[in-house]
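Trainee: Protein chains in written order, with our numbering: chain F, 1 to 320; chain U, 1 to 260.
These aren't lab readings, by the way, just hints derived from the structure by calculation.
The structure presented is a predicted model; accordingly, all values stated were derived computationally and were not measured.
Taking beta-carbon pairs under 8 Å as the criterion, some of the chain F residues facing chain U (in silico): (1) 201; (2) 207; (3) 209; (4) 211; (5) 214; (6) 215; (7) 216; (8) 217; (9) 218; (10) 219; (11) 262.
No residue lacks a Cβ here, since even glycine has one placed at the ideal position from N, Cα and C.
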Amino acid sequence: MRTVLWLAGLTLALAALFWLSLSVGATAASNPGEVWSGLVSGEGVVGMFRLPRVLCAVLVGALFAVSGALLQSLTRNPLVSPDLVGVTSGGGVAAVLAILVAGSQAGPHLPFVVFLGSVVVAGLVWWLGRGASQQRFVLTGVALGALCQAVITLLLVTYAPSAAEAMIWLKGSLYARTWLHVGYLAPWCAVVLLSSLLVAYQANPLLLGEEVASSLGVRLTLLRPLLWGLSVAAAAGAVSVVGTVGFVGLVVPHMARLLVGPDLRRHLPVAMLLGALLVLLADTVGRVIAPPLEVPAGLFCAVLGAPYFGYLLWKGKTTL
Amino acid sequence: MSLRAREICFSYTEGTPILRGLSVEIPRAKVTALIGRNGCGKSTLLKVLNRLLLPASGQVFLEERVLSDYPARELAQKMAHLTQSPIAPSGLTVRELVGFGRHPYLGFLGRKSSKDHEMVEWALEKTELTFLASRPLEALSGGQRQRAWIAMALAQDTEYLLLDEPTTYLDIAHQLEVLELLAQLNREEGKTVVMVVHEPNHASQYAHHVVGLSEGVVVMQGSPSEIFVKERMVELFGVEPLLFEGPEKERPWCVPYRVT
Numbered sequence: 001m002r003t004v005l006w007l008a009g010l011t012l013a014l015a016a017l018f019w020l021s022l023s024v025g026a027t028a029a030s031n032p033g034e035v036w037s038g039l040v041s042g043e044g045v046v047g048m049f050r051l052p053r054v055l056c057a058v059l060v061g062a063l064f065a066v067s068g069a070l071l072q073s074l075t076r077n078p079l080v081s082p083d084l085v086g087v088t089s090g091g092g093v094a095a096v097l098a099i100l101v102a103g104s105q106a107g108p109h110l111p112f113v114v115f116l117g118s119v120v121v122a123g124l125v126w127w128l129g130r131g132a133s134q135q136r137f138v139l140t141g142v143a144l145g146a147l148c149q150a151v152i153t154l155l156l157v158t159y160a161p162s163a164a165e166a167m168i169w170l171k172g173s174l175y176a177r178t179w180l181h182v183g184y185l186a187p188w189c190a191v192v193l194l195s196s197l198l199v200a201y202q203a204n205p206l207l208l209g210e211e212v213a214s215s216l217g218v219r220l221t222l223l224r225p226l227l228w229g230l231s232v233a234a235a236a237g238a239v240s241v242v243g244t245v246g247f248v249g250l251v252v253p254h255m256a257r258l259l260v261g262p263d264l265r266r267h268l269p270v271a272m273l274l275g276a277l278l279v280l281l282a283d284t285v286g287r288v289i290a291p292p293l294e295v296p297a298g299l300f301c302a303v304l305g306a307p308y309f310g311y312l313l314w315k316g317k318t319t320l
Numbered sequence: 001m002s003l004r005a006r007e008i009c010f011s012y013t014e015g016t017p018i019l020r021g022l023s024v025e026i027p028r029a030k031v032t033a034l035i036g037r038n039g040c041g042k043s044t045l046l047k048v049l050n051r052l053l054l055p056a057s058g059q060v061f062l063e064e065r066v067l068s069d070y071p072a073r074e075l076a077q078k079m080a081h082l083t084q085s086p087i088a089p090s091g092l093t094v095r096e097l098v099g100f101g102r103h104p105y106l107g108f109l110g111r112k113s114s115k116d117h118e119m120v121e122w123a124l125e126k127t128e129l130t131f132l133a134s135r136p137l138e139a140l141s142g143g144q145r146q147r148a149w150i151a152m153a154l155a156q157d158t159e160y161l162l163l164d165e166p167t168t169y170l171d172i173a174h175q176l177e178v179l180e181l182l183a184q185l186n187r188e189e190g191k192t193v194v195m196v197v198h199e200p201n202h203a204s205q206y207a208h209h210v211v212g213l214s215e216g217v218v219v220m221q222g223s224p225s226e227i228f229v230k231e232r233m234v235e236l237f238g239v240e241p242l243l244f245e246g247p248e249k250e251r252p253w254c255v256p257y258r259v260t
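Given the sequences, and given the hints that come with them, work out the whole structure.
Mentor: Okay, structure coming up:
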């Protein structure tokens with residue numbers, strides 16, 4: 001019952017923010033009539049620029065949140081997120097390389113390159129950490145992630161002037177996201193989010209630890225790669241379109257757990273909505289706070305996320 | 001004999017074997033206690049019996065079928081395992097925890113039938129937790145929490161119940177309650193109970209069959225009156241006991257007296 005209320009409330013909040021986000025921006029605020037006609041026709045500032053951007057924010061937020069929630073159940077570690085275990089860093093290396101090599105030519109192909117980079121690093125983490133305990137698996141991801149970060153920094157420093165575009169990408173921005181990106185993201189998002197909801201029940205016993213889960217008949221050899229695959233698919237999809245928006249995958253699962261408890265069947269849908277809400281909020285605020293300059297959504301998520309995390313620690317409610 | 005292990009070898013790290021060719025038979029529909037010093041392999045044996053750990057060599061047979069032949073769900077419908085100090089996530093209610101016991105019976109999306117709900121309520125009733133069912137687990141006392149985990153194992157509706165130190169963290173009244181509950185389940189439902197215990201009297205008063213382990217092999221087994229004698233206690237624990245005859249002649253009381 002509480003879950004239904006939260007889902008309804010969050011959906012309403014998301015719808016309201018969606019509308020608000022379409023109405024505001026660097027150019028003058030649009031009146032409701034303009035927003036509506038843009039929404040329906042897909043034309044004008046609202047339809048051609050703001051709508052795809054807002055849709056991207058929503059989809060990406062949901063993907064990051066689901067990725068984090070699945071990773072935290074898989075590793076039974078509340079501090080794990082897609083940024084921590086190397087998935088997004090892998091995409092980052094690929095993005096920086098692509099931007100440095102191809103410059104603005106990289107644009108339309110960038111999502112695919114980044115996706116590939118994330119998946120390759122995620123595959124490496126799996127392969128190196130296979131058969132190890134959960135902690136060692138996480139550490140493998142942390143190590144590879146750190147290596148990727150080092151490579152990114154090295155590239156940025158070495159090619160400083162031409163790396164400005166890569167810098168913006170790395171901060172995770174929704175600037176200039178178009179219908180092309182929505183076209184990539186929407187089907188992917190549908191598949192990944194639906195599959196996650198479908199496996200939610202199967203993944204639940206992991207909450208009690210791997211030993212209890214297997215004594216309940218869970219086949220870990222199937223479930224673990226499935227969860228890893230889904231969370232990587234979610235994070236890689238999101239990173240490929242908007243870059244490394246951090247903190248969403250870490251903080252949102254916590255918020256969702258506080259709201260509706262740890263059962264993934266309730267937790268995942270709430271996390272999806274919260275993630276969408278957080279990224280959209282970050283992007284909207286980032287757009288209107290000092291136009292025509294933009295604060296990247298990724299930066300703003302960290303700004304919003306960090307104090308919340310502090311609050312969680314202070315409340316002592318960080319146990320998974 | 002329905003659950004038996006044959007020449008099991010197991011080690012967590014190479015070079016330090018925990019189980020060294022251990023063979024044991026667990027009598028059906030009886031309460032069996034595993035006793036022995038720390039690190040003798042009791043918990044490891046329990047995990048091997050439930051396939052939580054795979055032995056390096058040797059085999060476990062459950063009803064004349066090799067354990068590795070069982071599909072995961074089928075095994076979970078036959079055998080429940082309460083591990084040592086399991087941890088639940090915060091926010092989980094008692095009823096939700098007990099509901100996990102139905103996992104091996106549910107379909108892919110986990111919809112519970114009325115039978116599943118009945119089993120959960122039955123398990124809550126048996127463990128006297130019905131009145132606490134909608135409380136979060138962390139709001140319970142240690143004894144209640146342990147009973148909730150036992151309730152989860154009961155909801156699994158298995159013939160075999162494996163329990164690793166089911167009385168840890170419990171005060172003496174709750175210890176006896178848990179043991180009485182297990183004895184009752186054995187008596188009334190015909191469940192086969194295998195438990196690791198440290199307190200000798202828990203074995204002597206509640207088990208039909210006692211298995212003593214030392215350095216990864218079974219060194220003695222038999223009825224409580226065969227095991228709880230002075231020489232055996234000295235051999236197994238290096239402890240000289242005081243032994244008393246209680247109301248039941250074949251169930252001696254055993255007080256550890258001094259280290260030999």
